[in-house]
Amino acid sequence: MKSFKGRDIIDINDFSKEELLFILKTAKKFDPAFVKKDRSNYTLAQGKIAAVLFFEQSTRTEQSFRSAAQKIGMGIIGFNDPESTSIHKGESFSDTIRIMDSYADVLIIRHPRAGAAKEAADVAQIPVINAGDGPNQHPTQTMLDLYTMMKEAGPAPDGARAGKLDGITVALMGDLKYGRTVHALSIALSHFNVKQIFISHPSLAMPDEYLKILKEKKREFKVWDKLPEDLKGVDFLYQTRVQKERFINLSQYKKIKDKFILDASFKEYLDKGVKLMHPLPRVNEMDSSLDAHPNAIYFQQARNGLYIREALLSLVLGRL
Amino acid sequence: MKSFKGRDIIDINDFSKEELLFILKTAKKFDPAFVKKDRSNYTLAQGKIAAVLFFEQSTRTEQSFRSAAQKIGMGIIGFNDPESTSIHKGESFSDTIRIMDSYADVLIIRHPRAGAAKEAADVAQIPVINAGDGPNQHPTQTMLDLYTMMKEAGPAPDGARAGKLDGITVALMGDLKYGRTVHALSIALSHFNVKQIFISHPSLAMPDEYLKILKEKKREFKVWDKLPEDLKGVDFLYQTRVQKERFINLSQYKKIKDKFILDASFKEYLDKGVKLMHPLPRVNEMDSSLDAHPNAIYFQQARNGLYIREALLSLVLGRL
Amino acid sequence: MKSFKGRDIIDINDFSKEELLFILKTAKKFDPAFVKKDRSNYTLAQGKIAAVLFFEQSTRTEQSFRSAAQKIGMGIIGFNDPESTSIHKGESFSDTIRIMDSYADVLIIRHPRAGAAKEAADVAQIPVINAGDGPNQHPTQTMLDLYTMMKEAGPAPDGARAGKLDGITVALMGDLKYGRTVHALSIALSHFNVKQIFISHPSLAMPDEYLKILKEKKREFKVWDKLPEDLKGVDFLYQTRVQKERFINLSQYKKIKDKFILDASFKEYLDKGVKLMHPLPRVNEMDSSLDAHPNAIYFQQARNGLYIREALLSLVLGRL
Numbered sequence: 047m048k049s050f051k052g053r054d055i056i057d058i059n060d061f062s063k064e065e066l067l068f069i070l071k072t073a074k075k076f077d078p079a080f081v082k083k084d085r086s087n088y089t090l091a092q093g094k095i096a097a098v099l100f101f102e103q104s105t106r107t108e109q110s111f112r113s114a115a116q117k118i119g120m121g122i123i124g125f126n127d128p129e130s131t132s133i134h135k136g137e138s139f140s141d142t143i144r145i146m147d148s149y150a151d152v153l154i155i156r157h158p159r160a161g162a163a164k165e166a167a168d169v170a171q172i173p174v175i176n177a178g179d180g181p182n183q184h185p186t187q188t189m190l191d192l193y194t195m196m197k198e199a200g201p202a203p204d205g206a207r208a209g210k211l212d213g214i215t216v217a218l219m220g221d222l223k224y225g226r227t228v229h230a231l232s233i234a235l236s237h238f239n240v241k242q243i244f245i246s247h248p249s250l251a252m253p254d255e256y257l258k259i260l261k262e263k264k265r266e267f268k269v270w271d272k273l274p275e276d277l278k279g280v281d282f283l284y285q286t287r288v289q290k291e292r293f294i295n296l297s298q299y300k301k302i303k304d305k306f307i308l309d310a311s312f313k314e315y316l317d318k319g320v321k322l323m324h325p326l327p328r329v330n331e332m333d334s335s336l337d338a339h340p341n342a343i344y345f346q347q348a349r350n351g352l353y354i355r356e357a358l359l360s361l362v363l364g365r366l
Numbered sequence: 047m048k049s050f051k052g053r054d055i056i057d058i059n060d061f062s063k064e065e066l067l068f069i070l071k072t073a074k075k076f077d078p079a080f081v082k083k084d085r086s087n088y089t090l091a092q093g094k095i096a097a098v099l100f101f102e103q104s105t106r107t108e109q110s111f112r113s114a115a116q117k118i119g120m121g122i123i124g125f126n127d128p129e130s131t132s133i134h135k136g137e138s139f140s141d142t143i144r145i146m147d148s149y150a151d152v153l154i155i156r157h158p159r160a161g162a163a164k165e166a167a168d169v170a171q172i173p174v175i176n177a178g179d180g181p182n183q184h185p186t187q188t189m190l191d192l193y194t195m196m197k198e199a200g201p202a203p204d205g206a207r208a209g210k211l212d213g214i215t216v217a218l219m220g221d222l223k224y225g226r227t228v229h230a231l232s233i234a235l236s237h238f239n240v241k242q243i244f245i246s247h248p249s250l251a252m253p254d255e256y257l258k259i260l261k262e263k264k265r266e267f268k269v270w271d272k273l274p275e276d277l278k279g280v281d282f283l284y285q286t287r288v289q290k291e292r293f294i295n296l297s298q299y300k301k302i303k304d305k306f307i308l309d310a311s312f313k314e315y316l317d318k319g320v321k322l323m324h325p326l327p328r329v330n331e332m333d334s335s336l337d338a339h340p341n342a343i344y345f346q347q348a349r350n351g352l353y354i355r356e357a358l359l360s361l362v363l364g365r366l
Numbered sequence: 047m048k049s050f051k052g053r054d055i056i057d058i059n060d061f062s063k064e065e066l067l068f069i070l071k072t073a074k075k076f077d078p079a080f081v082k083k084d085r086s087n088y089t090l091a092q093g094k095i096a097a098v099l100f101f102e103q104s105t106r107t108e109q110s111f112r113s114a115a116q117k118i119g120m121g122i123i124g125f126n127d128p129e130s131t132s133i134h135k136g137e138s139f140s141d142t143i144r145i146m147d148s149y150a151d152v153l154i155i156r157h158p159r160a161g162a163a164k165e166a167a168d169v170a171q172i173p174v175i176n177a178g179d180g181p182n183q184h185p186t187q188t189m190l191d192l193y194t195m196m197k198e199a200g201p202a203p204d205g206a207r208a209g210k211l212d213g214i215t216v217a218l219m220g221d222l223k224y225g226r227t228v229h230a231l232s233i234a235l236s237h238f239n240v241k242q243i244f245i246s247h248p249s250l251a252m253p254d255e256y257l258k259i260l261k262e263k264k265r266e267f268k269v270w271d272k273l274p275e276d277l278k279g280v281d282f283l284y285q286t287r288v289q290k291e292r293f294i295n296l297s298q299y300k301k302i303k304d305k306f307i308l309d310a311s312f313k314e315y316l317d318k319g320v321k322l323m324h325p326l327p328r329v330n331e332m333d334s335s336l337d338a339h340p341n342a343i344y345f346q347q348a349r350n351g352l353y354i355r356e357a358l359l360s361l362v363l364g365r366l
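Residue numbers (my numbering), protein chains in the order written: chain G, 47 to 366; chain Y, 47 to 366; chain C, 47 to 366.
These aren't lab readings, by the way, just hints derived from the structure by calculation. Incorrect hints may have been included.
One copy or two, it doesn't matter: identical chains are merged, so the pair holds either way.
Taking lysine-lysine and the DSSO-like style, the derived pairs with C-alpha atoms no more than 30 Å apart in a straight line are [what the hints assert, rightly or not]:
1. Lys313 / Lys164
2. Lys241 / Lys313
3. Lys75 / Lys313
4. Lys51 / Lys290
5. Lys63 / Lys313
6. Lys75 / Lys51
7. Lys303 / Lys263
8. Lys51 / Lys268
Quick caveat, the model's predicted, so the values are computed rather than measured.
Generate the whole structure from the sequences, applying the supplied hints.
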């Protein structure tokens with residue numbers, strides 16, 4: 047396995063199954079569920095600087111990275127409003143990246159343009175972490191989703207499955223056509239013996255290219271156009287928002303957005319053991335009465351993002 | 047006395063006299079006036095994260111909290127422009143709080159709506175500190191005001207009073223009707239044997255409900271409609287700004303705003319020992335020629351906010 | 047030499063040759079080119095707070111100061127959008143400075159008005175560092191330029207000159223009339239036995255007052271109105287942007303801005319050993335094909351700003 051020191055984290059497809067498992071295992075070192083409380087991670091990267099460059103706003107991802115970096119002792123520079131940068135003086139993207147490269151030890155970049163993170167990695171000498179490049183990739187989201195499933199997978203009837211991805215069933219629901227999150231997650235899950243179920247309105251169905259990958263890898267999957275009365279055997283239902291900002295046709299958005307919403311009656315499924323995940327933010331995809339249920343695990347999922355990001359930052363800085 | 051570890055700091059009325067005194071005593075541990083210079087407070091909360099969530103702007107309070115948190119070793123996440131958060135994607139207030147709750151160890155919240163800090167505390171698992179919720183509460187301001195009076199109280203004629211609140215006389219002046227600061231301060235001072243004097247235009251007089259509290263507690267107070275020629279016996283004159291943003295009727299604002307301004311002649315009172323306080327920011331409430339006088343203590347007062355906030359953060363994190 | 051502890055860094059002219067050399071020497075302690083990798087600078091100023099007050103935006107300078115301060119362990123408060131400060135409530139500049147003074151241990155100020163940094167230093171009790179006050183001064187830029195030249199000066203024919211400023215030849219090009227950067231650099235270089243060459247369109251020529259200083263100090267200099275075919279003997283060509291924001295007459299700006307641009311053919315000069323510097327940001331002053339050349343050192347120059355700023359912060363805090 048290639049060393050992680052100095053590596054760029056751009057695309058989930060750049061990582062082998064072995065590497066993904068290594069990252070998940072490393073994240074456990076930062077998770078109080080697995081380690082003693084007083085472990086002093088805050089000395090790991092003292093004196094190191096993370097440049098957090100958000101060319102579009104994404105509160106949750108930005109705050110999670112800022113928290114993770116500081117939890118391992120790093121300082122933070124950067125911006126979340128590209129209007130406030132030298133770009134308004136006509137500076138090029140690559141000059142901005144090179145300058146930040148010279149002031150920091152790792153770059154964390156969010157950009158509305160697919161490919162921007164890779165471009166940044168090409169000019170930067172320090173490691174670059176992609177925090178989302180438009181409709182393309184958001185690898186740390188995928189990793190925290192995998193981590194959450196691995197951590198929360200209950201024991202199988204034979205008692206052998208707890209804490210493993212192999213053997214689980216994951217249903218992905220909502221916007222499967224435009225949803226970057228579910229595309230990357232599906233591919234990442236295809237490394238494992240995971241059964242995938244795709245639930246959406248036909249106009250937002252999972253694109254064929256992703257189903258083809260599952261066929262090639264001989265992974266079991268199903269395509270449903272509605273939530274069935276029985277979710278028996280489903281370990282995780284991964285709900286996603288129908289994102290207004292990805293639609294060109296607003297009237298189509300309005301027709302579809304309220305389908306596949308989970309109302310209070312979904313509690314019945316949670317009671318039966320289905321665990322509900324969501325990348326957040328959400329608008330009205332789930333009834334808030336579900337939040338209190340122990341199998342509604344989206345806020346734990348968000349918190350797991352901290353451990354993944356602490357792990358990745360430590361790894362690319364060579365501090366583990 | 048209830049432990050401070052994990053407690054929310056929402057309302058000054060939640061704290062007993064004993065608890066207030068404990069907080070003031072703890073603040074002294076962070077004040078160079080009382081402790082040796084090299085005390086290393088910056089290790090107290092290393093690895094901990096403060097989420098500083100300002101849903102309205104308040105430079106001074108925000109910067110003071112950020113300074114205090116970092117002085118005890120904390121990292122900082124958060125925002126001061128709610129437009130830049132996921133709220134613009136339609137996310138609810140409680141979801142924003144829960145997410146920040148999952149990324150941080152303490153939440154510091156400023157919000158224009160009364161009750162918002164309490165709402166945040168209800169959904170957050172980590173301690174919440176109210177940094178001002180509209181016209182309602184701003185408990186750390188009140189605590190730093192008490193701390194300043196305790197610290198700066200000179201010896202009484204019998205030499206027994208220095209460093210104590212009991213026995214002092216405090217005059218509150220300016221906007222006593224809408225002024226959240228003076229309302230909370232009056233209540234907090236009512237725990238102590240403090241004589242209170244209320245000086246304002248009748249249309250901005252101290253509301254009866256606060257006078258009633260003083261009557262019930264048998265505290266001495268006076269109501270004046272102008273600054274008298276003699277302030278003999280007054281230890282602290284607490285001047286406040288007539289806040290334009292609290293007025294609905296702008297013509298009334300314009301008539302009143304320039305009354306009760308302290309001009310250069312107030313130096314005479316300062317010379318006689320009256321100490322002048324102000325919560326800041328100020329516009330034209332005092333003549334700037336007064337600033338250099340040793341009894342004009344508003345900038346020391348602001349600095350005392352650091353010690354109160356370092357103390358509170360350390361206490362609610364259980365690090366003292 | 048006056049101690050640096052507590053000193054304000056306002057104007058490059060406040061520093062003697064001896065003091066400048068001391069600062070450059072101190073900066074080497076923070077430069078991995080000169081010290082062992084693992085030197086733990088991050089403990090130097092732990093618990094200290096830098097207030098980074100940018101009354102106008104300057105991404106690069108702000109980020110460099112923030113990085114430097116955190117690299118020596120400091121916390122950061124401040125703002126880069128004066129609209130977001132209490133100034134919009136009518137607060138005076140000096141009150142804002144005094145409040146920040148009470149929350150921090152050093153102030154770093156950027157302001158569009160010449161003289162603002164000095165005004166801040168007059169009211170602040172803690173050290174103030176000028177990060178640019180309009181058309182006036184930006185002393186840390188000048189220091190990092192000197193540092194870069196000292197560090198990158200190659201050996202003279204007699205082998206005695208490497209790492210020294212004395213004996214080098216520096217050509218300054220672009221906007222020499224309005225360019226604050228080149229004015230301050232010329233004066234700073236005049237402390238040393240440096241030959242200066244001024245290359246510009248006559249309408250943007252170096253003002254006489256700066257040439258006069260060189261004459262008084264008996265320093266050799268030349269004034270050219272174009273880039274000659276031979277730059278023999280020139281060690282550094284310092285290119286600057288013709289800054290649109292300094293022009294009142296836009297049609298004059300448009301006529302001049304594309305003169306004195308370095309195209310791909312400048313590689314020939316670089317090959318012959320001329321080192322190319324630029325304060326950045328740049329727009330189209332150099333062809334990007336030059337960037338890869340080892341003698342195009344503007345990004346190293348930017349990085350050197352970190353070491354200068356770490357050195358200055360440590361010095362004024364008395365931590366070295």
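At most 30 Å between CA atoms: does that hold for Lys51 and Lys290 within a copy, between copies, both, or neither? Cα proximity of Lys51 and Lys290: none, with 38 Å in one copy and 43 Å across.
How would you classify Lys241 and Lys313 at a CA-CA limit of 30 Å: within, between, both, or neither? Cα proximity of Lys241 and Lys313: one copy only (23 Å, versus 58 Å across).
Please sort Lys63 with Lys313 into within, between, both or neither, judging by C-alpha distance up to 30 Å. neither (34 Å within a copy, 46 Å between copies)
Evaluate Lys303 and Lys263 at a C-alpha cut-off of 30 Å and name the case that applies: within, between, both or neither. Answer is neither; intra-copy 32 Å and inter-copy 59 Å both fail.
At most 30 Å between CA atoms: does that hold for Lys51 and Lys268 within a copy, between copies, both, or neither? neither (39 Å within a copy, 50 Å between copies)
With identical chains, the pair Lys75 and Lys313 could be close in the same copy or across copies; at 30 Å between alpha carbons, which is it: within, between, both, or neither? neither (33 Å within a copy, 50 Å between copies)
Measure nothing new, just compare the shortest in-copy and cross-copy C-alpha distances for Lys75 and Lys51 to 30 Å and report within, between, both or neither. Both: 17 Å inside a copy, 26 Å across copies.
Within a copy, between copies, both or neither: which one fits Lys313 and Lys164 at a CA-CA cutoff of 30 Å? Between copies only: 28 Å across chains, 42 Å inside a chain, cut-off 30 Å.
The structure shown violates the earlier hints numbered 3, 4, 5, 7, 8.
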